[in-house]
Amino acid sequence: EEAEHQMATRLFQNTAKVHFDQHAQKDSRFGRRLIYGGHVISLARALSFNGLGNACMMLAINGGRHVAPTFAGDTIYAWSEILDMHELDDDFGALRVRLVGLKNANPNDHLLKDSQDKYDSSVVLDFDYWALIPKG
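Residue 1 is where the sequence shown starts when you use this note's numbering, and the numbers rise one by one after that.
In case anyone wonders, no lab produced these hints; they're calculated from the structure.
Think of the CB as a built atom: it goes at the ideal place given N, C-alpha and C, for glycine as much as any other residue.
Warning: the hint list may mix true and false statements.
Said to hold, decoys possible - Below are the SDA-like pairs computed for lysine to any residue, each with C-alpha atoms no more than 20 Å apart in a straight line:
#: 1; residue 1: Lys26; residue 2: Ala68
#: 2; residue 1: Lys17; residue 2: Ala68
#: 3; residue 1: Lys113; residue 2: Ala60
#: 4; residue 1: Lys135; residue 2: Ala68
#: 5; residue 1: Lys135; residue 2: Met58
#: 6; residue 1: Lys17; residue 2: Ser28
#: 7; residue 1: Lys113; residue 2: Gly53
#: 8; residue 1: Lys113; residue 2: Met57
#: 9; residue 1: Lys135; residue 2: Ser28
#: 10; residue 1: Lys113; residue 2: Leu83
Said to hold, decoys possible - Label-pair restraints from in silico Cβ distances:
#: 11; residue 1: Asn108; residue 2: Glu87; range: 27 to 35 Å
#: 12; residue 1: Gly64; residue 2: Phe92; range: 22 to 30 Å
#: 13; residue 1: Lys26; residue 2: Phe92; range: 29 to 37 Å
#: 14; residue 1: Leu112; residue 2: Arg29; range: 22 to 30 Å
#: 15; residue 1: Leu132; residue 2: His110; range: 22 to 30 Å
#: 16; residue 1: Gln13; residue 2: Asn108; range: 18 to 26 Å
#: 17; residue 1: Gly31; residue 2: Ala105; range: 16 to 24 Å
#: 18; residue 1: Tyr119; residue 2: Lys26; range: 24 to 32 Å
#: 19; residue 1: Gly53; residue 2: His23; range: 37 to 45 Å
Based on the sequences and whatever the hints tell you, model everything.
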């Protein structure tokens with residue numbers, strides 16, 4: 001929703017006009033404000049955390065892309081894939097996680113990329129990170 005992403009963007013202290021200035025953005029390529037990518041990452045991480053609820057923190061970001069723009073009113077869906085794991089000590093391990101976010105598409109019917117390695121038009125986020133997770 002419009003107010004929701006505006007509040008989150010302010011809390012993240014992002015002052016880029018593309019996220020705030022509707023007057024200027026009405027004449028831009030998209031004709032309206034973009035939702036801040038940090039807000040999309042937060043939404044996708046929260047939505048895709050099933051089974052990862054005891055992950056303590058993000059240890060490292062390996063890479064990622066905001067593949068397509070997101071606007072107020074878009075419905076975000078997300079999932080996570082475990083790519084790798086690493087033993088740290090007796091109490092903790094690290095999981096390498098791929099986080100994928102979609103907009104306005106059923107994730108059950110979704111193809112991430114086509115045969116030419118081009119992202120599906122519904123993909124908005126492809127994010128690769130390591131998370132700290134307690135054992136047992």
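Check each numbered hint from earlier against the structure, then list the numbers of those it violates in ascending order. Going through the list in order, the structure violates hints 3, 4, 7, 8, 9, 13 and 16 and respects the others.
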